[in-house]
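Read in order, the letters of the sequence shown correspond to residues 62 to 200 in our numbering.
There's no promise every hint is true.
[Said to hold, decoys possible] Calculated lysine-lysine pairs in the DSSO-like style (CA-CA distance at most 27 Å, straight line):
(1) Lys119 <-> Lys171
(2) Lys199 <-> Lys173
(3) Lys63 <-> Lys119
(4) Lys171 <-> Lys199
(5) Lys119 <-> Lys189
Don't read these hints as lab results, they were simulated from the structure.
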Amino acid sequence: PKNSAGLDIMVDGGILGNFPIFIFDQQTLNSKGINERVFNTSTIGIRIDTDEQIAQDKLNPQLTPVFINKLSDYVQAFYNIVLENLNRNQLAPEDWQRTISVSNVGIGPKIKRLSQKQKLSLMESGEKAAREYFERSKS
62 PKNSAGLDIM VDGGILGNFP IFIFDQQTLN SKGINERVFN TSTIGIRIDT DEQIAQDKLN
122 PQLTPVFINK LSDYVQAFYN IVLENLNRNQ LAPEDWQRTI SVSNVGIGPK IKRLSQKQKL
182 SLMESGEKAA REYFERSKS
């Protein structure tokens, strides 16, 4: 934005960066003159992923395997790797520590009208993930 005075919330449409958690971090030079990122601990990222991907990210943040049995599986896997490679490779352990991972409750990324039941399921999933995140943050 041209005038960023008072700007403290930023939403990205997911085209160029689908998870820009680093946007409010600072860059500084360390004693060796190397650029380092200073993590803004006030920033919380929210990701919506499959249950399998969330479980994988807790163990080792890498993409879960996708079994391809038909063309639509291939297209979905290709879409996923393109989207995830926009940001995933840049994420540091500190980024994962300030991330709330919300289950997509089986709702895929294809744009469509959601039923009231699906909307409620997503909201409940988000609320559950946020509660778990803040409980972990207390300890």
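Quick rundown of the hints versus the structure:
1. Lys119 <-> Lys171: holds (25 Å)
2. Lys199 <-> Lys173: This hinted pair is violated, its Cα atoms lying about 37 Å apart.
3. Lys63 <-> Lys119: violated (38 Å)
4. Lys171 <-> Lys199: Roughly 36 Å between the alpha carbons, so the hint for Lys171 and Lys199 is violated.
5. Lys119 <-> Lys189: Distance of about 16 Å is within 27 Å: holds.
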